[in-house]
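> The chain contents come next:
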Amino acid sequence: KAGVTQTPRYLIKTRGQQVTLSCSPISGHRSVSWYQQTPGQGLQFLFEYFSETQRNKGNFPGRFSGRQFSNSRSEMNVSTLELGDSALYLCASSFPLAYQETQYFGPGTRLLVL
Amino acid sequence: SQQGEEDPQALSIQEGENATMNCSYKTSINNLQWYRQNSGRGLVHLILIRSNEREKHSGRLRVTLDTSKKSSSLLITASRAADTASYFCATSQGAQKLVFGQGTRLTINP
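Chain order of the listed sequences is A and B.
Under the numbering used here, the first sequence has 65 at position 62, and the numbering climbs by one with no breaks.
Under the numbering used here, the second sequence has 70 at position 60, and the numbering climbs by one with no breaks.
A few of these clues could be false.
[Said to hold, decoys possible] Simulated pairs of lysine-lysine, BS3-like, Cα-Cα distance not exceeding 27 Å:
#1 B/K66 to B/K79
#2 B/K80 to B/K36
#3 B/K80 to B/K66
#4 A/K60 to B/K36
#5 B/K66 to A/K60
Source of the hints: derived by calculation from the structure; they are not laboratory data.
Work out the full structure, taking the sequences as your base and the hints as a guide.
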């Protein structure tokens, strides 16, 4: 079974721009979670989607948003990028409930904001 | 704020030795999971232990959970160079998300 894939793997943007990251979960997985990882804050939960609905959200500003499609693929968007948004963004999929079972992580998208 | 706190933050041992890292958490949990991350890449799930379990094994890994002390430990026996990575504990509390600790950076010296 193919693993979780994330595109793009690397991205360089400038302040004020917006960015969209994509995540394709493992086939059959309906829950997709997003995390931000930085050296200072560690791994922080952004949000979780299940069956196209946002089921949980972390403590991030409204500039961070996401969505999930009917095929369970998910995108996250960051608008008006700030320098502090530079991070590794990780997507994870699971079945059936993210908080109860193993999460399978993708390789991440490394975003650099200049 | 992080739910899990790993200890130590960094650990360096010789190949073949055992490595032990600890995780403490603050609130009651449904389960606790350990993940490994190699140098800025995605996380790999190692083991999940449920709140009603006390010990679990998987290959060279042994995880214990003490809910009365709100702590868990991960033991890696007979370490190998390939075990060099960061190790994270993650807890689920009932809110539908995993909360990760800051991680233990393990270095295995040949």
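> Checking each numbered hint in turn, tell me which of them this model violates, lowest number first.
5
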